Amino acid sequence: MNAKKIKTALLALILLAGSFFIASAENNSIQYIIKTQYFDIIYKAPSRETARLISENVDQIYLDVRSSLKVENFYHFKNFPVYIEYSTEELNAYFTDYPFRHITLYDTVATDSLSVYKENILSVLQHEIVHAVSMNVKNKGNQVLSQIIYNGWGFSFYTMPSSISEGIAVQKESESGQGRLNDPYSTHIIKQALIENKFPAFQNITGSRDIYPSGNLPYIFGGAFTDFVIKKYGKEKYQSFLYELNNKLINYYVSYEKVFGTAFKSDYEEFKDSIVIPDVAETPYDEDGVEDFYTLFKISGQKKYSQKKTSRVTEVSSFITEEESGSAWLCSDSGDVWYSSKELGDTGFVPSKPVKLFTMTGITKLSFSSDGKYLAVSRTVSYNTRTNLVTIYDMKNKKFFKLGEDYRDATVLSKDGTYYAVAVKTVSQNCSLEFFKISDKGKFEYEKTINLKAGEIPSSLNDAGNLTLSFIYKEGLKRSISLYNKELDQFDSVEIPSDIFIRDLAPVVSRSFVTGQQGIVLSFSYARKDTLPRLGFLSVRIDNEKFSTAKLHLLQNDISGGVYSPAVYFSSQSLKLPSVIFVSQFYDNSKLSVMDTDRFDFEQINVSVQKDERFYNYEHPVEVTIENEKRFSGFNYAFHGIFVPLSLIPLYDEDFNLKYLGFAGITWHSKGYHVSAGYEPFTNTWGATLSIFNSSPTENGSFQLSGHVAFDQYGFRQTEDELIAKYQIPVGTHSHLFFTSSTRYFTGHPEQWPWQSANYARNVSLTTFVNQEVFEISTLHKTGAGINEVGGVYLGSVFNYTKLDSNIKGYKGEGINLGLETGFKLPYLIPFENPENVTLNLPFSASFAIFPNISKFMNCKASVVLFSMEVQQGTERFFFPLYLNRFTVTASYSGSLYYSRKINMTIGNLDKLEAGLLNSVYTDSVSLGVEMGITLNTGYLQQLEVLKVGADLIFDINQRVSDNNRIHLKLCSQLVF
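Every letter in the sequence shown is one number past the one before it in numbering that gives the first Met the number 0, and letter 165, counting from 1, is 164.
Rather than coming from a laboratory, the hints here were simulated on the basis of the structure.
Warning: the hint list may mix true and false statements.
Simulated crosslink set (DSSO-like; lysine-lysine; CA at most 27 Å straight-line) [to be verified]:
hint: 1; residue 1: K442; residue 2: K424
hint: 2; residue 1: K436; residue 2: K401
hint: 3; residue 1: K414; residue 2: K372
hint: 4; residue 1: K414; residue 2: K575
hint: 5; residue 1: K550; residue 2: K485
Given the structure is predicted, the values throughout are model-derived calculations rather than measurements.
With the sequences and hints as input, model every part of the structure.
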């Protein structure tokens, strides 16, 4: 046995183990833990206050969930980990059994969609605890196996679609009068589906739909249906249903009918019939006084523009001055921001032709300064986590000025040429208002910070004119409208009646309306529990430079699509209240609409304006101390994970093709590491593998360090170690930089080919070092709602360094190669609008690569989508539920230029390029492919995303080796995780 190779193998494993210890030690220095009776709360210093709040409440939340679900007699959790992650600035959480049972909670404040709870962070945690409890209603046998083998052992991974698992969680969160089922903005989609006669079947709300609306369906429809079932049959029956789902491998339809004694479909139809909807037309444009914004061009004699070109409008902002007025709106599918202003036409003032200002991904809010000079753009971008940032757009000079990260919901205050950027700063559950003066050159000079009480949230910041900031302030479930006069440094607040939900506050800075002549007017969207979202105004009178009285003006009737993000219409001709441009939110799309408010009746409610002292009294705690806090060690959960009584050790042949050898042994997979070791008696082989990785990628990217070693009856066999690191950085408005680095070291005897003898393989010795660095910059982004609506270009390079040392002839030396690849995608070749759910305008993509590998000089490929149709339908009663996403037909051309057979070319031997190309061979082919996208439509299997199944008919134009058979039929499938 070669002692040197044994030392090399052992050193590799020692280095890996050492890295694991170092990584754990690093975690120890920055993480803490609080233990409660049932839970372990794990966090970092910035989340200490949140950890304290959770530790004081989590046990009672857990016991309340168990009691509510009637599962007090089932297995009690113990040392259940709750990880608090503070670097993700988008409130969310998830429960998973993989690799062991735990909850991860993102420690930040809520946006509008989750601002439906009294204490947001605790209610989000409760939602996840409901998942944990409802997916663990197991019999004793499954409980034992879930403790020994895998916490997720049981059948809910197959039997429980998202509409059931999310449904029970949303139902529970709404029992106390809060939560999404009590929020008219959340439940609007259910009523809207009925209004438009698009109410989905249950198999279509399970979470497999991958076009809008997708994410909301299992939560809102599933929650409402679960609430209907529990009210009809009681919680004891529903507990029996959960027991069936967790312990029997049968379809949820069968379990439902067994427990409740009623056909599943008939109950779902009864649920549908129980929903009360307002008596409104299917489209708001049948109402007198509401217009599709884009039809106004036809009325004014201009070219008619289509709403489809600006699909999924989600945000509007406007300004009005004596000199100019205009509106900007966001199309969220594409990230395009459009703008239209008032211009004089033959029939009076009309909207100008919309122009695209810019494209920017992740936008959450737009807000003009009152004079229209600046447009504040708030967005959430994906690094490896979700990060908030604010950019200010100069409308005149077409320039962006970046305010910074960790800010959201920004606006710009203006008066007489002086400008201040104001944004919400978030840290854990704390918010503050931060003010920056904007210089003429777009520089930001910090001015002041106003701290707000922990857990209370400002939203919809906007410029109400004359350096007055207005915003919605959420305190528990109570909302008010706050007004801050910067010059007087004074806060006033207007209390909103408790039965009214409001959002999307916007200013109306104009004296041209009766309600605004002696003060300010603000528009907003409001709803009561039994209404659709409607239009509202707040008029505030100013006497002696102070706010005196206020009045709410509330639209009295519903319209289909509701009223979202209302802003003053820049061509308004109304007298009392301004006309508004707003978003109509339909079941599966949204449009830009205009309302003439003089055609509608408004309820008026007098409300008080009071000086608000709250904002002067809040100071965020500098340091929180927790009595039972301890340092956290990753080794606390070293023995929590997945146990498999089998070992799989990766082995490689001389061409580095991966093979696995099964051993009698053990495999243990846990959070952050994977280890496997065992023995295979038939070949007298034993081995071990170890892998460490950051299981929760952060802003620093992701990495994986792995290695294995194998021995057989002759001694040392082989070892292979690999380090992979990935990182991505958003650049500009919609571009990304991607970096991937991988390094691999191999030494030993490669796994034998089938045609080789064991002695041949034992006589082959190989040592190799391979390093690959991949860099890519891409502007690829969505340009519309369709799956194929993608545009942009990309450019990438791949650097390879390889060093070989072997006793095989020809397997020795080193090589360097630098490959380049570029490509682009067009959302269409033919500029016409597709019919609904069908693609006919020929989306196109192309790529070209030079020096792709040592045998080729170049590759090229072009593809066009000839036809695509959205199916978006689930099967009803199959044992293995499926969801059909779409059917696609594509045509492709691909070509490769191979070097002369005797030459392997790299960037390191370009002197051979001429010889390599002299006898080069060009091969190409065309193909016609059909493909069906299918999702496994239940349980955790839905996380496998889309299974693509299809066939390609290929015709070889030029072959590298002549073959009479030029036509090939290739069946293909791809499982996308």
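Do the hints match the structure? See the list:
1. K442 <-> K424: 19 Å, holds
2. K436 <-> K401: Roughly 13 Å separates the two Cα atoms, so the pair holds.
3. K414 <-> K372: Status holds; Cα separation ~11 Å.
4. K414 <-> K575: 26 Å, holds
5. K550 <-> K485: Measuring from Cα to Cα gives roughly 23 Å; hence the hint holds.
Taken one by one, the earlier hints all hold for this structure without exception.
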